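**Student:** Here's the letter readout for the chains.
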Amino acid sequence: MPPSIHPVDLITALRQKHLTPAIVFLTSRRACDEAMESFDHADIVLPPVRQEAIDAVLQQVIAQYPSVADHPLIPTVRRIGVAAHHAGHLPSWKIAVEELMRQGCLDAVFATTTLAAGVDFPARTVVITQSSIRKARDFTDLTIGEVQQIAGRAGRRGKDQVGFAVIAPSPYIDLSVLTKGLTGHPEPIESQFTITYPMVLNLLKAHPLEQIQSILAKSFAQFQLNRRAESLERKLDALHVQMEPFGPRICTDWITQWQTFDQARRQRPQRHQPHHESPELSARFHFMTPGRVVGLARGRGIVLRQYRSKGQRHPMISVLRPNGTVTECPAAAVVEIFDRVFDCEETSSFPWCSAASFDELCYQLTELPPRLPILPILVSQESVPLPDTVVQSLGDFPCPTCPSRPACQKDFAIAHRLRQEQQRYVKSIQALRASLWHRFQERVDVLQKFGYLTSSAQLTADGEWARLIRIDHSLLITELIRAEAFSGIEPAILTGILSSIAHDDDRPGSFPRISPGLSSLLGQVRKLAESLSPYEDPPLLRADVAAIAERWVADPQLTWIGLCRLTTMAEGDLYRLLARTLEFLSQIHALHATHPGLADTASKAIALIRRGVLEELP
Amino acid sequence: MTTDELEQLLAQQPVSLLHRLARGRVHRHFRAGKRRLIELLLQHSSQNLAGLESDLQTLIAERQALPQRPRTPARRKEEAAPTPPKRQHPPTTGGEPDTGGPAVSLASWLEGIGVPPPQPFVPDPWQVEALAALAEGDVVVSVPTGSGKTYVAIEAARRAMEDNRTVIYTSPLKALSNTKFTEFSRLFGPEKVGILTGDRQENGQAPLLIMTTEILRNLLYDAASGEIDVRLDTLGLVILDESQYLADPERGVVWEETIIFCPSQARLLLLSASIGNPQDIADWLSSIRTTTCRLIRHNKRTVPLRAGYLHPNGKLVPLFKTASIPYGHPNHIHPEAKRLFMQYEEETLPSGRPRR
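Sequence lines, in order, name chains R and F.
All residue numbers for the first sequence refer to the numbering used here, where the first residue is 37 and numbers rise by one.
All residue numbers for the second sequence refer to the numbering used here, where the first residue is 53 and numbers rise by one.
Chain R on its own, in the form it takes in the complex (with noise of 0.2 Å):
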């Protein structure tokens, strides 16, 4: 069986139970490609009255968007009646298709279910093809909000009486998740609030330090914080109640004094354990490895291993006699450890090294001259030292007298869990409370650290152009600024850095050659990223993506098809490159009263990069 339904199958299937419109939501953009390859050689022709529609609403759409006029699709498009819709096409195609789909012409359009959201065309039918989608590298299972969301296309409001989704399994589906989804209840949303460097600047140029904190606790973040602080605060009450048993007697803070007096209790017979071993033996036992010298009280030895047997009090040691004997004897036996340690290798049974090494050992052991050094070991007086509550006698504690001890005995594990509890929930309330706040400062530091607050959180005159800029990845930019790295360079040059930056994708593609002055000024900027790592992630900073917006910038007469066979990127991301970077560049370009220049060379490559596709997309 195949492992999934041959796309020209499944439009068959569709259409013959009238289930068409459809949007199948496939597991990549490759899928969707190879969908609409397949259906080459298909014969399930549309009627000719329903090419010449696809016809009329295409030229519609081509007098306002011409590039769309020789796209590959179209053929396909206008024979079967199927189209792709992916972030790889540009968004002309996009329209193009999502008009088709309005108007009814098309029997199903293929879309990649990461970008579901995406999708903002209804259907009769949506088919599932996964269940759990590429999220930040690996994937995760659909939540049901999603599997509600992609299923919600189905069925079209006055044009459809019901709506239907199919799955269609492809592998590694798990229908359970997509049942659960389809029959579930949405799951609850979860504020995702965080603290931007843009946002510190601009909070404190609009309010002083003293009303950020009510600020703060406005946001959905601080609500739901605040929230779950609550509920902590109702388990808190209760724990209270639940101490009521537990509160003052004798003395006020009975548990407290209890556990002091238990713990001396305890410590006091193991201080003078008779078995224990002493702490001589302890400290020089770490020396008595394989290999080591020592004498006893007759004679010397070399250590073979170290055991420590049931029946033996000691720790244990074999030892190798000078007349190649090997001995057991009790640690304790050994009188002198000397400064001398021959290389053995040791093995798990007798005699416990290789045959090599005895021969080696026995032979260094008749050799050994008659004086040696005598290893100097420290050993501490005492090997834990009791706390100062502890070590004064047990007389000093009112416990054994007092009263109220059999009660104090008996409650005690339970009121010290219970107030131990208390103290974590207190603790944890304090951190929800307060989380924001802190996060706020810890940003607050970093941008003092950097000259645009001044040490009592005023803007500095760097901070005042600073809060202008609002994208990702703001210090980095505002940094360069500041170390004039874009002072006096080429619009090529400053569209390719920023578009650098801009790009957060990591699929491979290859590209043009990169310009000596690019590469030397990436660099530069690969290195500062580098130094602001711990505020600020630094973005991916790819050499041939800053390559491929150079060129579109610095060579006016490239066009949109010329730059697309430079590299395999696919049109989408080509075109959302551009745009992304044409946001930088217009940030850029709102510094023009601090930064003249900078903001001249912004609004230059914003007219370079504004042709072709990019001038008559919206």
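It should be emphasised that the hints constitute simulated quantities derived from the structure, not laboratory data.
Just so you know, these numbers come straight off a predicted model, no measurement behind them.
Incorrect hints may appear among the rest.
To be verified - Once the Cα atoms are required to be at most 16 Å apart in a straight line, the calculated EDC-like pairs of lysine to aspartate or glutamate come out as:
#, chain 1, residue 1, chain 2, residue 2
1, R, K271, R, E457
2, R, K463, R, E269
3, R, K171, F, E302
4, R, K241, F, D274
5, R, K171, F, D300
6, R, K241, F, E279
7, R, K53, F, E163
8, R, K254, F, D332
9, R, K171, R, D540
10, R, K254, F, D335
11, F, K244, F, E207
12, R, K241, R, E500
Stated by the list, open to error - Quick look at which bits of chain F chain R covers, simulated, 3 or more residues with Cβ under 8 Å:
#, segment
13, 159-170
14, 227-241
15, 264-276
16, 291-302
17, 305-317
18, 354-367
19, 392-400
From the three backbone atoms N, C-alpha and C, an ideal C-beta is built for every residue, glycine too.
Place chain F on chain R using the hints.
**Tutor:** Positioned in the frame of chain R, the structure of chain F alone reads:
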């Protein structure tokens, strides 16, 4: 049920029922006698006895539901009546086992497909309610996709503009902004509608402005720091479409900033797809804004939805036992869909991999 028990049960059934059960399972089943038929059935379904059993139970239940009816030739014709359309299926579809009883049949699942007769547009009660509530305060709308949120946006914008108030409409995606710009220009006239996105600015002084949420946030920051934008004084309504983006890991913060800094005289209209906790959002708005916030929510789709399962061989079956989606009961899967999916998993999963 063990194989022996199943065999016994099969032997107790009349042969006609066995033939119905064999349809689509056993090739040329009409040639076989009862004993051979049982043998073939068990042999064919040896991989999927559960599927056979559930189909058998359905058939038995169906038989028991009509015990008193005499089995006359007329009755047979009646039974045969729904079959002719099935014959039109492509040969790949195979036989269609009858799945009456508790599980819905494909025919009734497909019933009602088609275009409804044209009706004059009447706004739904929730749409009217939302518009009325907007006269008093902020409104959060959380309804399923495709319910007609845009109608509320358009009507609200129209009313605000009639009061000479500026309206700002924001959407998360530039493409959506562009679509809405075209749509609104058609409705209100191009001179009344403007658009501001990161790379496009047209008719910026129009009473109805469409922008991405980021642009509105920037406008509000500029206004807060004293660079007063005239439009914000007359701002009467801010419509935030697709407000479920509030939970977007990267961009959600922009929605929060926009809502926090939205001028108090302007009404907020949040349009969102179905989310789990719209009441939280309404409560939040009520707690930070001067007016109280009304929540308009419903989970009923305007166009009812049905779910199906399409096997790679082209066979279509209902996904759930009921024609409509059994909300809250993800396990009410149609036995035939379950059988086909298990078969699919067995054939596509690498051998040795345990099935979930």
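**Student:** Now tell me, hint by hint, if it's right for this structure.
**Tutor:** Hints, verified against the model:
1. Between K271(R) and E457(R) the alpha-carbon distance is near 10 Å, which keeps this suggested pair within the 16 Å criterion.
2. Only pairs whose Cα atoms come within 16 Å are accepted, and K463(R) paired with E269(R) is accepted, the gap being roughly 11 Å.
3. For the suggested pair K171(R) and E302(F), the alpha carbons sit about 12 Å apart, so the restraint of at most 16 Å is met.
4. At roughly 10 Å between alpha-carbon atoms, K241(R) and D274(F) fall within 16 Å of each other, so this suggested pair holds.
5. Restraint check: the Cα-Cα separation between K171(R) and D300(F) comes to about 12 Å, which is no more than 16 Å; the hinted pair holds.
6. Straight-line distance between C-alpha atoms of K241(R) and E279(F) comes to about 11 Å, which keeps the hinted pair within the 16 Å bound.
7. For the proposed pair K53(R) and E163(F), the alpha carbon gap of about 11 Å is at most 16 Å, so the pair holds.
8. Between K254(R) and D332(F) the alpha-carbon distance is near 14 Å, which keeps this suggested pair within the 16 Å criterion.
9. A distance of roughly 13 Å separates the Cα atoms of K171(R) and D540(R); the hinted pair therefore holds under the 16 Å criterion.
10. As the CA atoms of K254(R) and D335(F) are separated by approximately 12 Å, the hinted pair is consistent with the 16 Å bound.
11. A hinted pair counts as satisfied when its Cα atoms are at most 16 Å apart, and K244(F) with E207(F) qualifies at roughly 15 Å.
12. In summary, the hint linking K241(R) to E500(R) is supported, as the alpha carbons are separated by about 8 Å, within the 16 Å threshold.
13. For a cut-off of 8 Å, the count of residues in the segment 159-170 of chain F with a CB near a CB of chain R stands at 7, and the three-residue condition holds.
14. For the segment 227-241 of chain F, the stated coverage by chain R is satisfied: 5 residues place a CB nearer than 8 Å to a CB of that chain, which reaches the threshold of 3.
15. Here the segment 264-276 of chain F counts 5 residues with a CB under 8 Å from a CB of chain R, which clears the bar of 3, and the coverage holds.
16. Figure legend: the segment 291-302 of chain F, annotated as covered by chain R; annotation consistent (7 residues with Cβ-Cβ distances under 8 Å, at least 3 required).
17. Proximity of the segment 305-317 of chain F to chain R, defined as three or more residues with a beta carbon under 8 Å from a beta carbon of that chain, is established by the 5 residues found.
18. Judged by the Cβ-Cβ criterion of 8 Å, the segment 354-367 of chain F is covered by chain R as claimed, because 13 of its residues qualify and three suffice.
19. A count of 4 residues in the segment 392-400 of chain F with a Cβ less than 8 Å from any Cβ of chain R is obtained; the coverage claim is therefore met, three being the minimum.
This entry satisfies every hint, going by the numbered hints stated previously.
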